[in-house]
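There are 2 protein chains.
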Amino acid sequence: MAKEITNREENYALWYNNLVVKADLAENSSVRGCMVIKPYGYAIWEKIQRTLDEMFKETGHVNAYFPLFIPKSFLSKEAEHVEGFAKECAVVTHHRLMNDPGGKGVVVDPEAKLEEELIIRPTSETIIWNTYKNWIKSYRDLPVLCNQWANVVRWEMRTRLFLRTAEFLWQEGHTAHATQQEAVEETERMVNVYASFARDWMAMPVLVGSKTPSERFAGALDTLCIEALMQDGKALQAGTSHFLGQNFAKAFDVQFAGKEGKLEYVWATSWGVSTRLIGALIMAHSDNSGLVLPPKLAPLQVILVPIYKGSEELTQLAEYLQPVKKALEAKGITVKLDDRDNVRSGFKFAEWEMKGVPVRIAAGPRDLQQETLEVARRDTFEKQSVPKEGIADYIAQLLVTIQDNIYKKALDFREAHTFTIDSYPEFKTRIEDGGFFLCHWDGTPETEAKIKEETKATIRCIPAGAPPEPGTCMVTGKPSAQRVVFARAY
Amino acid sequence: MAKEITNREENYALWYNNLVVKADLAENSSVRGCMVIKPYGYAIWEKIQRTLDEMFKETGHVNAYFPLFIPKSFLSKEAEHVEGFAKECAVVTHHRLMNDPGGKGVVVDPEAKLEEELIIRPTSETIIWNTYKNWIKSYRDLPVLCNQWANVVRWEMRTRLFLRTAEFLWQEGHTAHATQQEAVEETERMVNVYASFARDWMAMPVLVGSKTPSERFAGALDTLCIEALMQDGKALQAGTSHFLGQNFAKAFDVQFAGKEGKLEYVWATSWGVSTRLIGALIMAHSDNSGLVLPPKLAPLQVILVPIYKGSEELTQLAEYLQPVKKALEAKGITVKLDDRDNVRSGFKFAEWEMKGVPVRIAAGPRDLQQETLEVARRDTFEKQSVPKEGIADYIAQLLVTIQDNIYKKALDFREAHTFTIDSYPEFKTRIEDGGFFLCHWDGTPETEAKIKEETKATIRCIPAGAPPEPGTCMVTGKPSAQRVVFARAY
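Chains as they are written, first to last, in this note's numbering: chain Y, 1 to 490; chain R, 1 to 490.
Please note that a few of the clues may not be correct.
[Claimed, not checked] Restricting the straight-line Cα-Cα distance to at most 30 Å, the calculated cross-link-like pairs of lysine-lysine (DSSO-like) are: (1) Y/Lys57 x R/Lys133; (2) Y/Lys137 x R/Lys355; (3) Y/Lys133 x R/Lys326; (4) Y/Lys296 x R/Lys47; (5) R/Lys355 x Y/Lys331; (6) R/Lys309 x R/Lys325; (7) Y/Lys47 x Y/Lys309; (8) Y/Lys355 x R/Lys133; (9) Y/Lys137 x R/Lys336; (10) Y/Lys47 x R/Lys336; (11) R/Lys355 x Y/Lys57.
No lab work stands behind these hints: they were computed from the structure.
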């Protein structure tokens, strides 16, 4: 396998795209903006899904499923929501095809026009709150803590595999509460679930904070988010959790009788992460040899490669490696023996490096004699000769070390690319090199818009739990209560 | 909770619908023909999904994800396929809404018409084979063994919760093979996976066989199926596995180079089950008190109910039941303590019966004194006083017994309603009472159509592995090689 991807330093966007395709994660389909998630990429999504699903259940949530279609009129019910979401979406107008009377193929049957057009859900607040109306009558029906794993469609003009596609897979939690406080707590709980997942599973450090009003979800009173820094110095929003106040309850007239029988509107949250996380995972850790995967999310954690000449040696080495495979499997480590006889070992090495398998164990005739194995780490490329005896314990520990190291590397990178800046001219220059910029801002959408226009940088978040640090806005000199985080973003 | 569902004997269809709603499994949404799968119903689907997914992986399959949208032209590529599927489907014609210039709300933007209409997948053979074209070049790329968990849409006119809905959830396996034999074996392997799952998990006996040509999947050379008998004597097709020959490979020009370099068309299969299985599960076992769930698929296996007067007794009994809960959980049994203080015990009993929880454990003051528990089975309504000591082992065993009993009951029912008939007049009378009818048929679509027209019965399958039993067609007297299975069906 020849060097087949563009260097990260040359063209980061091209490197990313080459990598996604070469590592067999996903590809563009024949449908504009829609991707095919290939088995290897989907296996990562399954690990993400299963882990998050457990975390959601541990925090008291249950799964449900709501319709793919949203009646057009529903979108108009929440005024801000329609502004933010109703524009670029897939619209179903007919429900039947017919044989083309003028030739071959099929055409839309003009008789089968829908009375009301249906929108493919870009997000499900409206259809879900229309349903909750029937579920919620009394305080005893609250809270409702539902999550849905689903596909959604947003008709994006410029798409990129995983990062921005017309159709994508995600989960969307939609909760209903009796009090504002409960809903606010839920919003915070879930953004923290996302932050823990990013840190502990994706080995990706994230900032947690609030969006500014202009960056909020359409219809939310507050949007919390996790923001990660990619290796090109651009920020990526990896998950959001919205406090929706009573907006959707009012739009869909969802009221409950409290303990004293008084009718009140329900408080809402919604929160989601998507297949975009896979894009973040790739961009946070990978290198010019391909994907680097944290062991906890790697579909395959260890690859075994015999280094042989002739079929007899291959048989001997395959036999030598079998007990290693079994011992690793007994520890719950996913492992595969690559005994293909039609490609060279160098090709195999490059292929598994491209696919980001955290550990490679190779064995040649000398290893066989000496009862050793050659263990190579994907994250550092370090190689070591290790006794076969006790290999499973060694590898189990090594996977933990690799997981930690990948996190540490990403954290070091972020720290080295986080800057505290007070001068706007300096900001304008430095923003070109990427990174997170902690700056004072006067809190007005006008200044925010000016900075965005002049530098393409946006406020990624107002950090949560940061100590108050009064200062003056780098642009207007007006007072600021705390620094906010600027970056150019995906 | 008052008796709230229609009796099964009075009106089976209404009984079914009442039950689905009252047991909190699903409900109709505001979108025509689309259901909301409620958390309790979705929890059953999750168990079905997880179990089948493991079975698919054990048989070498991997998951992937393909686009929701299918370009209209793709449907026309396989001639039979378009006849069978292209007719009633959701058609996306536009990709943008705009504010209504004449008033409030939003309207479809006429400027945003798609060049080619997109169909919401009714099944994915076309988009997947269009993708496989790029994946398959050589015999080394085969077999491709992909499965997809997804939503699909078929614009059904008459819908029923779970059994037939416009949108439903399913899995669809799509495999590609180098030889006809491999593909035929795969088709059989997967129908047998479905049959095992139905028997061992759903406690539902099924017949395995082939469809007649007129009942085949559009584009298949052979359709294998599992057929179950519902309690009203109607058959329900619960899963299908299709041998597609080279039809889709030819339609999408998917060829591979064999070992000798010769180009050949690839052989295909596809197979699927859907949320319809939940409908089958309900109709196979449930009764006038509600749902009866086999323990292996029950989201909640045991419910604990304290029988108390006053809050002091409730506290005592809740304490008494806590270690029972822990002991059951330690055995991996899902259990919940119903300590609600706002409804009576009788209400709780009826509610959990409605929801089909396999075992109820109640405890009153006398149990507390005597260190006993009252154990009630949902399948037989038997109640027994059981020592608290060793309760976990007792319940673990009881769940196995219940699973077996539910299966046996369904099998007995099927056997009692399977008839061997040789006279067409008798068939015409007896078919009114429902059941499976083993009859001789001359193998012609004309006779099959005549029987269907005159009796509403269809050939559910030509049983697999049945011993040859030559005879004469009950309608035409022409020769028949074996009996086939007739029934009226869902």
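**Prompt:** Which numbered hints does this structure break?
**Reply:** 1, 3, 5, 7
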